[in-house]
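A.B. asks: Can you build the whole structure from these sequences, using the hints too?
Chains as they are written, first to last, in the working numbering: chain A, 1406 to 1678; chain B, 3 to 287.
Calculated directly from the structure, the hints in this document are not laboratory data. We put the CB at the ideal spot given by N, CA and C, even for glycine. The reader is advised that the hints may include incorrect statements.
Computed list of lysine-lysine pairs in DSS-like fashion (alpha-carbon distance at most 30 angstroms, straight line) [stated by the list, open to error]:
id : chain 1 : residue 1 : chain 2 : residue 2
1  : A       : Lys1588   : B       : Lys131
2  : B       : Lys211    : A       : Lys1562
3  : A       : Lys1562   : B       : Lys131
4  : B       : Lys211    : A       : Lys1588
5  : A       : Lys1562   : B       : Lys114
6  : B       : Lys57     : B       : Lys211
7  : B       : Lys153    : A       : Lys1562
Some chain A residues close to chain B (C-beta under 7 angstroms, calculated; not the full set) [unchecked claim]:
id : residue
8  : Trp1416
9  : Phe1419
10 : Asp1559
11 : Asp1564
12 : Thr1565
13 : Arg1567
14 : Ser1568
15 : Gly1570
16 : Leu1582
17 : Pro1583
18 : Pro1662
For each label pair, taking beta carbons as the anchor points, the in silico distance ranges come out as [to be verified]:
id : chain 1 : residue 1 : chain 2 : residue 2 : range
19 : A       : Ala1657   : B       : Gly67     : 45 to 55 angstroms
20 : B       : Asn24     : A       : Ala1657   : 49 to 59 angstroms
21 : B       : Glu118    : A       : Ala1486   : 34 to 44 angstroms
22 : A       : Arg1556   : B       : Ala164    : 27 to 37 angstroms
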Amino acid sequence: MSRLSGFTNRWLVFLTALVLWQLATAASDNVFFPTPWQIIHHGWSLWFTTADGGFGLSDSIFEDVLPSTARAVGGWAIAAAIGITLGAALGRSRTGMQYVEPLFAFFRALPSPALLPVFIGLIGIGSDMKLSLIAFSCIWPVLMNTVDGVRSVDSVKTDTARSFGTPRTQWVAMVVLPAALPKIFAGLRLSLSIAVILMVVSELVGESSGIGANLVDAKAAFDFLSMWAWIVLIGIIGYVLNLALLAVERRALRWQPTRAAVASAKQTTKAGG
Amino acid sequence: MPTMLEVRGLAHRYGSYAAVENLSFTVAEDELACIVGPSGCGKSTLLRCVAGLIKPTAGGVTLHGDPVDGVPADLAVVFQDYSRSLFPWLSVRGNVEFPLRTRVSNRTERRKRAEEALAWVGLEAAGSKYPWQLSGGMQQRVSIARALACKPALLLMDEPFASVDAQTRADLEDLLLRVRREHGSTVLLVTHDIDESVYLGDRVLVLSKSPASIVADLTVTLPAQRDQIATRGSARFVELRTEIARLLHDRPGAPPPPNAANSDALAAERFLAAEREEARQQSSH
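C.D. replies: Following this line, the structure appears as C-alpha cells:
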C-alpha cells in the first residue's frame, strides 16, 4: 500500500513538473523553448517514423542512437572489466597501490572532456577514439571503489577462511569479491553516468552521426525542436541504463538484507533462540 | 587414550610484550578440554597458535603427532563473533559447504554432508536462508555445523557462546555436549566463564594472567551426562568452580579487573593490532 502510494507520489511530482513546463512554454513565444508536447511529437517523427511516413524505427535509430548507446555501454563494460581486475589486484597487494596512487590521483583529477584533444591526437576521430575516451573516463570510479572494497574484508572472515585452508581462487571468488561487491556496484553506477556524458562529449567533434553530433548540428542550424528532442533522448537513455544496472545490482546483492527485512526477521526469530 | 593435541613450551611475544609464556599441555582424543583464564591473559593468542593462524615465538604444537606449521587441514575453528565469521553472501547451506569445497569434490556428496551437519545442530530446515534471517543462537549453530561438516580431528572454539543471551547460551552448551557425544569430537574450548568451563569440560586448564601459563590442570569428576540444573547444583560442581575461582582471583598481586568483558576485548584488539604490525614487518623483509 505504502509502496504503491510512494510510486504514485514520485510520478505525480514528475507529471506536475511536466504540466508546468508545458504551460510556461505555451505562454511564452520564445522560439528557444518549444513546449514538451511539441518536443515529444518531433521526437516521434525523428525516431519512430519510417522514410515512407509509416510507423517504425527510423534510420536515425540505426545510424545515431544505437551506435552511440553501444559505444557508451561498450566503453563502460571495458572500464568495468579492467577496473575490477586491476582494482582487485592492487587492493590485495600490500605495496602495489602505494606506487600507483599519485598517478591515479592525477588522472582522476583531470576532467575527461579536457582529454578529448589528446585522444583525437592519439587515436583519431573515429569510433575507437570515442570508445577509448569513454572507457578511460569510466575506469577510475570502478577502480578506486574496487580497491577500497577488496580491502574491507573483515578480519574474522579472513581468519575463518584461513582456518579452513581455503585456496586462493576460492578465497578471491567467494570471500574477497562478494565482500567488495556493494562498493564495486557503487563505482559501476557512477561510471555509467560518466559514460553517458562522455558519449555526448566525444561526438562533439568530427563526424556528423551520433547523438552528440546531432545535438550540436541541430543547435548550429537553429533547429531548437530537434535539439530539445535529442536532449530528452539522452535523458531517457541515461535513465533506462541506470534502471537496468539497478536491476542487476539488486539481483547480485540480494543477500544484503533491507532494513525492513532485518527488523521483521528479528521479530520472528526472537522466540526461536 | 591417544594424544590428539600436544602443546610444548609454547610462547608468543608481541614485540617486548609476552602474551603467552612456556605453555605445555595435551588434549587426548575424544576429550573436551576447556581453557579458562582471566581477561586479556592471552587465551586467544594461544588458540591462534594452535590453529596455525600465527607462528609461536618459541615452542611447538603437534596435532596427532604432526607438527603444526601453517593451518592444519583437519582442524576447524568456531569464533565468538558469528556475525563476522559467517559469510553473509552465502546461504546457510552455502556457508556449511564452504570448507567442503576443497575436501569433497563431488557436488551431491558435498550437499549431503552439509545437510547432515545442519541436521546435527537442528537446522535442517534453514539451509536456503541467509544468515541474517536467523537469530544469533541459530547463526552460531550454523558456524558449529560448518566446523563439524569438515569432520575435524580437533575443534577449536574461541569463546563460542559469549555473544548470545543466557538461555540461548545454555541451549548451545547442551547442543555442543550432545553433538560431541554423538560424533566423538575432540574439542578445545576457550572461555572466561568459570561455570561454563566446568559444565562443559572433561578437563579444565586454568591459565594465569598474562603472560599466560598453566596454573592448574583439573579433571572434571562429574558424570558424563550433564544437566543445566542438576549438574550446576551438585556439590562437586560448586567445589570445582570455587577452586577455579580461587586459582584465578586469589593469587597474590592479581586483583580481578574491574570490567572483565571490556578489558578482554581491549586485549584482543591490542593483540590483533600487534599481529597485523608483525605480519606487515615480516612481509616487508
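A.B. asks: Please write out, lowest number first, the hints stated earlier that are contradicted by the structure.
C.D. replies: Those not satisfied are hints 4, 8, 9 and 16.
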